[in-house]
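One line per chain: the protein sequences are A and B, in this order. For the first sequence, the positions run 1 to 229 when full-length UniProt numbering is used. For the second sequence, the positions run 1 to 306 when full-length UniProt numbering is used.
Just so you know, these hints were derived from the structure itself, not from any lab. Among the hints, a few may not be true.
One-sided excerpt, in silico: chain A residues whose CB lies under 10 Å from chain B [claimed, not checked]:
| id | residue |
| --- | --- |
| 1 | Met1 |
| 2 | Met86 |
| 3 | Leu104 |
| 4 | Ser107 |
| 5 | Val119 |
| 6 | Gly160 |
| 7 | Gln162 |
| 8 | Ser164 |
Okay, the calculated bits of chain B under chain A, using three or more residues with CB under 8 Å as the criterion [stated by the list, open to error]:
| id | region |
| --- | --- |
| 9 | 53 to 63 |
| 10 | 191 to 201 |
Backbone N, C-alpha and C fix where the C-beta goes; we use that ideal spot for every residue, glycine too.
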Amino acid sequence: MLEVKDLRVSYGQSEVIHGIDFVTAKDETLAIMGRNGMGKTTLFKSLIGILPGSSGSIVLDGREVGNLPSHERVAAGLAYVPQGRMIFPNLTVMENIESGLETLKTSKVPDEIFDLFPVLREMRKRKGGNLSGGQQQQLAIARALVSEPKVLLLDEPTEGIQPSIIKDIAHTLNEIRRMKKIAIVVSEQVLSFTMAIADRLAVIEKGKIIHEEEGKSANQEKIASYLAV
Amino acid sequence: MGGFSAQDLTAIFVMQGFAGLSFFSVLLLMALGLAIIYGQMRVINMAHGEFMVIGAYATYLLTSALRHLPGGLDVSVFLAIPVAFLAAFVVGYFIEWLLIRHLYHRPLDTLLATWGLALIMQQGFRSAFGAREVSVPVPDWLRGSYRPTMMIDIPLNGLAIMLLTVLVTVAVWWFLYRSRWGLRVRCTTANREMSGAVGINTKRVDRMTFAIGCGIAGIAGAAFTTISSTGPTSGSLYIVDTFLVVVFGGAGSLVGTIASAFSIAQAQSIMEFFMGGSMAKVLTLLTVIGILLLRPEGLVASKVRR
Ligand SMILES: Nc1ncnc2c1ncn2[C@@H]1O[C@H](COP(=O)(O)OP(=O)(O)O)[C@@H](O)[C@H]1O
Ligand SMILES: [Mg+2]
Numbered sequence: 001m002l003e004v005k006d007l008r009v010s011y012g013q014s015e016v017i018h019g020i021d022f023v024t025a026k027d028e029t030l031a032i033m034g035r036n037g038m039g040k041t042t043l044f045k046s047l048i049g050i051l052p053g054s055s056g057s058i059v060l061d062g063r064e065v066g067n068l069p070s071h072e073r074v075a076a077g078l079a080y081v082p083q084g085r086m087i088f089p090n091l092t093v094m095e096n097i098e099s100g101l102e103t104l105k106t107s108k109v110p111d112e113i114f115d116l117f118p119v120l121r122e123m124r125k126r127k128g129g130n131l132s133g134g135q136q137q138q139l140a141i142a143r144a145l146v147s148e149p150k151v152l153l154l155d156e157p158t159e160g161i162q163p164s165i166i167k168d169i170a171h172t173l174n175e176i177r178r179m180k181k182i183a184i185v186v187s188e189q190v191l192s193f194t195m196a197i198a199d200r201l202a203v204i205e206k207g208k209i210i211h212e213e214e215g216k217s218a219n220q221e222k223i224a225s226y227l228a229v
Numbered sequence: 001m002g003g004f005s006a007q008d009l010t011a012i013f014v015m016q017g018f019a020g021l022s023f024f025s026v027l028l029l030m031a032l033g034l035a036i037i038y039g040q041m042r043v044i045n046m047a048h049g050e051f052m053v054i055g056a057y058a059t060y061l062l063t064s065a066l067r068h069l070p071g072g073l074d075v076s077v078f079l080a081i082p083v084a085f086l087a088a089f090v091v092g093y094f095i096e097w098l099l100i101r102h103l104y105h106r107p108l109d110t111l112l113a114t115w116g117l118a119l120i121m122q123q124g125f126r127s128a129f130g131a132r133e134v135s136v137p138v139p140d141w142l143r144g145s146y147r148p149t150m151m152i153d154i155p156l157n158g159l160a161i162m163l164l165t166v167l168v169t170v171a172v173w174w175f176l177y178r179s180r181w182g183l184r185v186r187c188t189t190a191n192r193e194m195s196g197a198v199g200i201n202t203k204r205v206d207r208m209t210f211a212i213g214c215g216i217a218g219i220a221g222a223a224f225t226t227i228s229s230t231g232p233t234s235g236s237l238y239i240v241d242t243f244l245v246v247v248f249g250g251a252g253s254l255v256g257t258i259a260s261a262f263s264i265a266q267a268q269s270i271m272e273f274f275m276g277g278s279m280a281k282v283l284t285l286l287t288v289i290g291i292l293l294l295r296p297e298g299l300v301a302s303k304v305r306r
């Protein structure tokens, strides 16, 4: 579904992503694990088109999207939940979700979103900025999901979120995959969360993928050693 | 304030207050457009006054074309608003495409470029319409005045402008807070990168927003023709006050812009009577600076956590 080949990304003169390749299939969750500063956010920003890639290709469902602006990538089927959530704080919860409908014909938020995130229904008239961290994360996922993506990108969704809520998020992501059969690419540092959702794990270090294995049989100690500071 | 009786003072306050309301109306219409543009793109449009003049000349042309037809003047009053809006909108749309979009993220350059644009437009007006001011005839029913007491005299055209301003303000509010376009505008204002990443075509939103801001200035121009005559540099007289309103109100807040336009227009108009125009301006400016020192975000600052 998503095929990334030899992707390179730089900030000015300094290259941060040094040629990354990976593939995700439909109905598969790929976790990209790595410590702080290893290039996860940079990778995700270039996938969604916030940062330009300096070379390489990003093919979504058979179509090259690497040179499209962000909004056209969303229209092509990418959706993005950024690190730190980045909801629109002054907009209501409902308006935040509606902003994700931009690439669709409809302007009505589907009910299934509120079945997935009941708390958002209760809070739909509140301003996004007044929600708790966990609620904002649900909001950011809802906003991404209403665009009916083929590939959902999540950058460190557990960052700064209470352990009990982290479990809920894992459950929700599995539920989304079961319902929608989409591909999910998630970056993480929390191994227990990843083990609960991922079919495949890849380890990123200094802008390169240095290790990859199947999720169920993954050697957790080995991955943990990559994540240790 | 020696020499004035209590009754005199009341009459002065009411009449100057009302003159202030016409000024407030034009100022608010100007400021709405400028605030939308500034809030969305952080572009300080020095040519905003010239877009007002486009609206004024459009009104003049329309009226000149229609005035000799029977009832033409009555029709043109109502037609002037959409025509003035459209004229300024179209020019704004084109200017965004030609100039502004290349200068985002370079506030100083936009400042200079739009200032240059203002000069070019002024020269354009001079070549097209001549240096002499033109005035737009007003239909008879707008010419009278309303006299609640012997001493108070309120011109009807002022009342009409007030009404127009209320309508436009409500329309702007609806557009920003209830329409799909408004949602896009508010998203882009809040976070441009993220708006793109949820699927919003932010460049299209920019162009549309700039054009609509200019269009509202065009409506201000149509209103302006009923209180004053129009010359090539009429716009530049308003631009400073308009900026004052936007900064004082807290950019990006509709309520703040309204409150700020009201207080600045009223303060100037009433003080003008007692101490003359320039002194009133100086005093207003000093007060605004003083308040901004205490509240740097303007009158109405957003209260949400970031
Ligand atoms: N805006 C930026 N300008 C320059 N360098 C940056 C910028 N953002 C991140 N970096 C650098 O890029 C590298 C990867 O950062 P990032 O992608 O944020 O990592 P991660 O998300 O894995 O923590 C780090 O070395 C960081 O210092
Ligand atoms: Mg990161």
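*Report holds or violated for the interface hint on valine 119 (chain A), using the least CB-CB distance to chain B and a cut-off of 10 Å.*
Violated, about 18 Å.
_Hinted contact glutamine 162 (chain A) with chain B - closest CB pair below 10 Å_ = Violated. Min distance 18 Å.
*Go through the hint on glycine 160 (chain A) and say holds or violated, using the shortest Cβ distance to chain B against 10 Å.*
It is violated, given that the least Cβ distance between glycine 160 (chain A) and chain B is near 14 Å, above 10 Å.
*Count the residues of the region 53 to 63 of chain B whose CB lies closer than 8 Å to any CB of chain A, then report whether that count reaches three.*
violated (count 0)
_Hint check, methionine 1 (chain A) versus chain B [nearest Cβ-Cβ separation less than 10 Å]_ = violated (18 Å)
*With 10 Å as the cut and Cβ atoms as the points, is serine 164 (chain A) at the interface with chain B?*
violated (22 Å)
_Using C-beta distances, would you say chain A covers the region 191 to 201 of chain B, given that this needs three or more residues below 8 Å?_
Three-residue rule met by the region 191 to 201 of chain B, so holds; n is 10.
*Verify the interface restraint on leucine 104 (chain A): the C-beta must sit less than 10 Å from at least one C-beta of chain B.*
holds (8 Å)
*Verify the interface restraint on methionine 86 (chain A): the C-beta must sit less than 10 Å from at least one C-beta of chain B.*
holds (5 Å)
*Restraint satisfaction for serine 107 (chain A) [CB to CB of chain B, less than 10 Å]*: holds (6 Å)
Taken one by one, the earlier hints fail for this structure at numbers 1, 5, 6, 7, 8, 9, listed in ascending order.
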